[in-house]
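Visitor: Below are the chains, spelled out letter by letter.
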Amino acid sequence: MWKFIVRRILITIPQIILLSVLIFLLAQAMPGDALSGLVDPNVSLEQKNALREKLGLNDPWYQKYGEWASGLVQGDLGQSFRFKMPVADLLEQRLINTFWLSLATLIITYIIAIPLGILSGRYNDSILDSSITGYTYLGFATPLFIFALVMLWVFGYQLQWFPTSGSVTPGLEPGTLEYVLSKARHLLLPAISMALIQTVSTVQYLRSEIVDTKQREFIITARAKGASESRVYNRHILRNSLLPIAAFFGYEITFLIGGTVFVEMIFGFPGMGQLFIESINLRDYSVVNAVVLIFGIAAILGALLSDIILSLVDPRIRIK
Amino acid sequence: MSNKLLEINNLRTSFRIGDKYYAAVDDVSLTVNKNEVLGIVGESGSGKSALAFSIMGLHTKARVEGNIFYKDQDIANIAPAKLNKLRGDDIAMIFQDPLTALNPLMKIGDQIAETLILHKPEMSQKQRKDRVIELINLVRIPRAEYVYEQFPHELSGGMRQRIVIAIAIANQPDLLIADEPTTALDVTIQAQVLDLIRELKDDLNSGVILITHDLGVVAEMADRVAVMYAGQIVEIADVHTLFENPLHPYTRSLLNSVPAEGQDKLHVIQGVVPSLQKLPRNGCRFAARIPWVDESAHEENPELHEVEPGHFVRCTCYSHFYFPDESKEAQVHGNS
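Top line first, the protein sequences correspond to chains A and B.
Start counting the first sequence at 899; every next residue gets the next number (the working numbering).
Start counting the second sequence at 349; every next residue gets the next number (the working numbering).
If a hint is listed, it holds; no wrong ones were tucked in.
Chain B regions said to be covered by chain A (calculated; three or more residues, Cβ under 8 Å):
id, stretch
1, 435 to 449
2, 461 to 471
Negatives, chain B to chain A, calculated, CB over 12 Å:
id, residue
3, ALA567
4, ASP571
5, THR589
6, GLY658
7, HIS659
Don't read these hints as lab results, they were simulated from the structure.
Using N, Cα and C, we set each Cβ at its ideal position, and we do this for glycine too.
Using the sequences and the hints, build the whole thing.
Guide: Written as structure tokens, this is what we have:
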């Protein structure tokens, strides 16, 4: 099994390198460079060209990629033109905010999905199942950005249960209890909004896994042994049905990335998603590059996590 | 009477299709004695497995009517808790597909141990493990300790079928139901598995219901044979009588379909078993497949007739049945 995990980890290295090349080439394909628009109009074209030569902007792409990549390895993601600060410093706080938001969303997603999926699968084709399935269809049909707006309007503005923007109340000292509670309060509404929509695929998945496993023959074997219904469910059906859900966990991260982009914009939550949209609008490409790279790496690591979880829980995957 | 292990009276098991119930097992009565192998034969769809599942109470969405007396206790529609005490302990079942009958995520040893946990909770962990190892040895799988820790996908089909048998016999059942235990296995393994079942029966003095569509297996294993067609028993007799003096057209057709030496053409029974919905519920159910026999030969409501002690045949058509000669068969075939 360790062999499998080590091999799987080794595969991610070329994946990440390929990802960085792709991102770099895409950035290169974008028109203009740092000198195109931002420099004093009095500077002549000759001077600009001289400056380009000096800054290495005319070097072939692989040379430029080499410089960029070696910077990346040392933690240097370049400078943000807009914020006039190193991209790495800019990302740090945003990354932490998005991490907590994603974690809260994941937890709420599973808190909703597992009981609903189990009920729906166990009592399939009952009224209970139909209402849960109805909810999942609604969830599939509702765009996250509309739903998040409605949630914000109802719980943020009308009922005023939650703050409507930001990630923390200004003026609180980091490290104090109030600071942590304020962070949690700011997280909750965007996390719930995202979870309520994202969870429906997991509910459906779990439901169909249970309905499927229920009809497998080893369930009949278990019943023939004299196992009670509850034992059949807990020992045989649930374990076999939760397995693909556990494996799905890592991929969930990919969906979260898409979700945070919308939700952070709507809730004015200073995270990676919001930074991503802002930077695109401001043509702050070194930031866009860094954000896309981090999103991409997160997705690759998510897939890695899925495979590792699966190899731990499913004996059929282990390679001897 | 004390020799009687299982007595089924007028069992009818129906499945719902749309909003009507259709009987897959229709008015079946039979008995199984201790230390006896009752063979049940019939082609696919004749209701053999549905009958076995009814005895085990394994149908979740079927309507089961009639009585199934196991040692004077009616288990046809018994409370689940009481049934679970019997299943796996007094009555056990061997399933037909060893590839799907085991939980892919559980160790072999744990799957066998589960039935011990359920019925012999007083056993210590050590005793239980010893018993499981003993069972794995009993079904002649080498390196039992090693196999204990393995998962189903690491074993061959034949080995898995033995594990299924080990689970079934773990608590020394009085009644063993084997539902086509050799269908999924190749011929050499088949013989070994059958030997195993026979030995176990002799050791435990149990009654066995052996469901199969392989007449060779029946001839070798069974003491008595019930032939099922379209949910009904059409003939029941001891094994010698059945093979030497088969009476019902269906039994005769089945036996005639077995390849024999010096025979260059196999007999083929025309048509197929009708589906549950299309099955005519009145008259002889086999009539449609022997159209050359005159309609007047059939009974209006065919019943089992005891033609000699212990030999029962359904419908009077057996006395008028004959195999059509080649040319006539072709002609009938052309007309239909």
